[in-house]
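Since each chain comes alone in its own frame, lean on the hints to assemble the complex.
Chains A and B, in that order, are what the protein sequence lines are. Counting from 1, one number per residue, gives the positions in the first sequence under this note's numbering. Counting from 1, one number per residue, gives the positions in the second sequence under this note's numbering.
Quick caveat, the hints were computed from the structure, so don't treat them as lab data. Any given hint might turn out to be false.
[Stated by the list, open to error] With a straight-line Cα cutoff of 25 Å, these simulated DSS-like cross-link-like pairs (lysine-lysine) come out: (1) B:Lys427 <-> B:Lys461; (2) B:Lys97 <-> B:Lys79; (3) B:Lys672 <-> B:Lys519; (4) B:Lys690 <-> B:Lys406; (5) A:Lys24 <-> B:Lys690; (6) A:Lys161 <-> B:Lys549; (7) A:Lys9 <-> B:Lys690; (8) B:Lys672 <-> B:Lys87; (9) B:Lys290 <-> B:Lys427; (10) B:Lys583 <-> B:Lys656; (11) B:Lys290 <-> B:Lys302; (12) B:Lys520 <-> B:Lys556; (13) B:Lys406 <-> B:Lys519; (14) B:Lys44 <-> A:Lys162; (15) B:Lys672 <-> A:Lys24.
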Amino acid sequence: MASKEELLKQLSDGVVEYDEEVVKNAAQSFLDDGYPALDGIMDGLAAGMVIVGDLYERNEYFVPEVLMCADALYAGLDILRPHVPADISTVKGQVVIGTVQGDVHDIGKNLVKMMFDVAGFTVHDLGRDVPLENFVEEQMRTDSDIVAMSAMMTTTMLGMKKVVQMIKEKNPDVAIMLGGAPVTKDVASLFGADGYAESAGNAVQEAIKMISRLRELRQKEH
Amino acid sequence: MDDNKAKVIFQPSGRRGEVPKGITLIEASRMLGVDIESLCGEKKVCGKCRVRIEEGFFEKFGIRSRGTHVSPWQEEEEKFINAEARKSGYRLGCVTKVEGDVLVFVPEESRAGKQVVSKAARDIHIECNPAVRIYYIEMDPPTFEEPTGDFERICRELEREYGLKELKSDLLTLRRIPGVLREGKWKVTVSVWMDQEIIRVRPGKVENSYGIAIDVGTTTVAGYFCNLNTMEVIDTVSLMNPQCKYGEDVMARITFHMTTPGGLKRMSDDIIEGLNWLIDQAIQGTYPPKTKKKDENGKTVKDADGEPVMVETPEEGKTYLRLTREDIEDMTLVGNTAMHHILLQLNPEYVGLAPFPPVIHHSLDIRARDLNIRINPSAYVHVLPNEAGFVGADNVGVLIAEEPYKSDEIQLIIDIGTNGELVFGNKEKMISSSCATGPALEGAQLAFGMRAAPGAIERIKIDPETHDVDYKVIGRDAWRQYSEAKEMKVKGICGSGILDVLAELYRAGIVTKSGVFNKKQKSNRYRKNVDNGQPEFVLAWAEETSIEKDVVITQKDVRQIQLAKGALHCGCKLMMRRMGMEKMDTVKIAGAFGTHVDREKALIMGLFPDCEIDKILGVGNAAGDGARAALLNREKRVEANWVSRNVEYIELTVEKDFQQQFMEAMQIPHMKDAFPHLEGLVSEEILHQK
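Chain B on its own, in the form it takes in the complex (with noise of 0.2 Å):
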């Protein structure tokens, strides 16, 4: 063998391979193809890459695995592993390096699971105008009296019944377009793109066209399938952003660009083959499903390779699309500005920075094929405008879809995501901004924290006169105390879990409005740490978890969270003030948790300044909404470039009392702000508390 490689093998999946000397376990696991959950991008300060390596002789793989065929113990180490643990072999897998032939164990909790995505379709209005139509035409065909090339004989007959003028078409175009009229005997289809440009021609009469919208977040990308005549979304499909390796926030992946020599163009790979694949998933949707070929006796059939025969099986009562990637004829782009030009190869190194200027605001139209996105390669990919280095396309894809610029009610819009995004006004003015609210409220950097996946804990209630807890996690409908302890199977808590619990342990006296744990405790879920004698709850015990351990909210995971609603309520008080305004008419919660966002406990948690309970909707991926209105209404895209220009964006951290608002804002839900909403949702007692 190689001396410059060794043999890797990850336990339980049992990938395995021979990889160079040097790199790291998470390098490596990445090269077999293995996921691992890395949070922080290999910052080595999330720890939730602990994995374990194997001592001894593994006959099965002809390997023999010691702890000392990796690279040396690091101090970064000692924070996530304790002395026991580092005895069996845990290391992270982002600080050790692979010195020898190792079997790594990847813990349960260490596997990157399956997201759950829920970023649906909402039902907004939308107009029927979309950048691509199709036109149906009849022409003569060319005869010695009259014989006109073919391209000016299809515009001649657009402009005589469309009104179409001085049409262009792409070489790519214009090499099929002889076949075509020939084939549909000088009868046509023709897909025009914003009156200008001819980007297919399909023989015959169709009656349909395609469009895909997507939203390219910096954990989760969704896409809209939908048909561009009948406005229907066929299909809503979704992918984690394969960036995610790189870093969990859009600092991470800036940073990773200005420290990797062609980092940024590995990214801009990375996101372009997730779109290609998630542009794969809604075509095959298009098909009934395959399934294996039975014989008579019931026997798989299988082919001369000895390979099952795949046969499709559809599903009754319903029809098939049967689509190909050629026939999704236009396409729309919305994602925050690092995303944006991350994807576009555009440097975001200067959005990194204050005062954090954009590379561009406007919309750009590119041509499919030049960023290698395979659909019909002549069709056009609409990017939408960005407003500012921290308030990008996806804002601007939430303000196109709740046009708050066309309502006389004041509106405060949250965007919940790694980054928060606030948008406040109505009519007559509008601003927006930005604050860090960090990855805490999506789960990273808890001690328990984690992605919505199954085994999230995603909803919680807490008895306030026991402190005993219930909860429901992801893939389970029956909460807690329907269930046994075994049926539970919790992994750790997720967003929406993540603003629950805040509320309800201030609800129920558990944390006072500092964000302490009360020294009167009513359960034994209220414990100190045995190792680090830090204060903790319990939220599920062992017995309920598939962890095999308690699962807990710390005290510093309490901080954390108080750090990124103080973010965001701090940030809305802020922008409330700039306008001169007292309180808002509608509060809007957009994001990927946007409709799963209980609004009671979001505004005991107080994330954002007191206000109706009933005035407080979730809106859901409202930027995807926004996406989908542009793909089918072109009117939109020309809204959209107003409205970036339009929207005032304001810099909250340099205010002069930034720090004052910013530091009331983390009590909870504040620290001198009245909540006259919350009377009778939080006792007396515990809302009037010094």
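The following block holds chain A by itself, in its conformation from the complex (with noise of 0.2 Å):
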């Protein structure tokens, strides 16, 4: 029988390799073993994805194979996220996101959506080309804490700005992500957002980056 750690491991790896069925029996064997699923989510599959967030940005890795460990790190969330007790989730947010209306490109967002989803965000997603005004209706029907919103054009990054000013109307509180291609950090503070993610790339990262607080944290709390 594998230990803990080599386990662990194996999701990990199996992430890192895109290898659906070592990352789907790792996890099975996990829970079998009696172990916390919560663990075999942040220092197994999270653990993997900071590896390739790093094999990303030195450019090793390119979007075909992020998605791919995407696919990997999803078969293994299926399997373990159902036994996480409701109590001890993680983080209790909970996040609007989509691409906004007249855009249809979602490759970075999807990405996005699974760093949320990994970090044990409630994701409420609307898709692609997004009428304005469901974000704002959305984010206040869920009463979500962030609201992520991607552009891949230009043309439709305009349209953002709206959004943000709608939002923060009603509710100043909630924290705005802008992305996208044509987003830069000078646009999203103009659009008075709270954050940004300059590409679907540097979203990965940086979400990544916010995995990894998350497991620090938990580590301090261990």
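Printed below as a string of structure tokens:
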């Protein structure tokens, strides 16, 4: 029987090497052996994704590899997540995410969504070509803490400004993240957003950093 | 001096002048007529506009230039200017604002070079049936018995002789008729547009009339100056689209309109001015070149003002048509939907937002003078129809030139520009689509990417054994291996070289199928960049360049090319699937570098799914050919309108598995699909690597 550390390594390696089978088997064994599911997610799957982020940053991994790693991660998450007791979820946050109206590109958005999933957020994915007011309505309906919007084209990026205004008017405490190829730090602050990610890749890194911080917090708690 | 103005001098061009304080160096350069490269349209992302602010007092110009005379350093600049360069005064032209007198040095690599345009006319079959036809008529002068008016007299004769009925004429033409009739002693040549309208009357018998077909590309504008009667292409003229200064791609232009009051009109005025310049070029070409007049002693003869006297110097054996702008009696225009809209000042905003509807599909006939286009003022400009928001009149041009809708063969036509347009099908059914290839294939956003101008690497071969590189640059016929290092004068790499480089890096095993640099390298050309630790591969060593640094292709560059080629490949594949087809009979590659594409390399890099190499054809600027076909054969205009509404446009990005397909297509040549036609071209171990 593999030790906990060995199983965690298998989960992590499986994600990095985008091997869904390895991840699935390791996740099942992890549960069967009675280890806490949340450890498997944070110290196995998420740890693997942090490595993936490094590889991406060094341009060794590219979008295809990251997407395959994401698939592997989801394979593990599907098995482990149902076994995380509701009251000890890492983050009790909710996030509304979508690609803004007029834009149909959503690869970057899906990657960011995954990061939120891993981190334990409840994600309300509005999909793509989302009418601007839907972001506002969904935030109100769910009382989410974060609204994350993505635009791939400069033309659609301009719509995000309106959403930021609409949301901030109603609820100034909501954190707003913008992302997508044409979005720069300047644009984000000009639009009144709280955070930004320069590109899909950058979003991945930002989100991975976010997870890294969560893991650090957890380690401190232990 | 006005407190709100500052003196700016650009070197090495020496252009100088006073500009309002607060404008950027790029804006100042534009005002003073200096071309600084700005591929991204001042979005602070391309880093191509690096300039150096000189420190000190420059007696020659009487100014004190300092780094503090411009706006403070911005964070964005760090990406493109390292600490050392920053110390020596380097800044980005699009970020840095003029706040006092400055002397600005524009380094070689930041100067926008003159582009080498290869949009030559191809020999395609066109039937002669122009929209403007000329008719010679002889009339009796009016008498007391028969005092009919001049216009009706012409119409009566045209009807009697040629069966033309119910003709009309505009006021401008009408004003000229009485004089011309009498000058020609009642024998005249009449130009009639579409058998409907008299647009010109000339005295006597004239055999020829002329027209121009223009393809307005996002980057390049090409004009084909034709004889409407003999169908001969008299001249091909081209220029860089003057709107490039507002941004390199269609989206940047649309954004400029959305964010700048009056921006649409500015861009429209610019392109119209460009078209007029192009027309002038074509007209000037019908006269002998002028040279300075010399006296018996070989000294230049000067006029009263001391200016040299110019005389025509005809080439021996050449006849010159000596035409005027008035002689251009017809014009056709093609362009992508955004270029179409901007030129006509139709709001392009919605073309840039899903689901991307154009303002109009149908073709337009617009009086030239209403567009301020300086050809015969009564002539019409025929603007070809649009298919969809991202598949415009230029693609209709490609279609009527290639006529896949008349063929049994299943054709895939790829028009590679800043935006990639795809057409797939045969006479049974045709579908079209577009994909965001981005500017990478045209050189933008790559570390050493550049336009097709002298000094650009356009062909590359890499030895699989030694990893040594041989290449050819624009402006020099001999390859590197047959040249001295200093003769190469490399500045960067352009579109066709970019296609070559990915294929060659892969074939030589320098990058793997996934696009990452291989751990096993055979030469010192592979290295990690000292500044950022990124892997890179040297294409040309510093001593072979005119910019005194190694020209490299970086890991990030490879990724950019992969994104572009992945988009095209995935587009082709999804279209084939939509049509329920496994393969195509022919692949046609159109676009400015259509004829320059090495088809073997295109297949190796996996620009499109596997097919027989012999069935890959470069068709050059097919959009321009289509514009020419519509100019010379009016039936083609009818055909164009039919085609534009009968090709089904499909939006690829909303296909369910787009993401999966796109990601598979980014690998070289493809993540999963077999490429049997590469057997023998690429070694076993490379082609079948995991």
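Tell me the numbers of any earlier hints that the structure contravenes, in ascending order. 1, 4, 6, 8, 9 and 13
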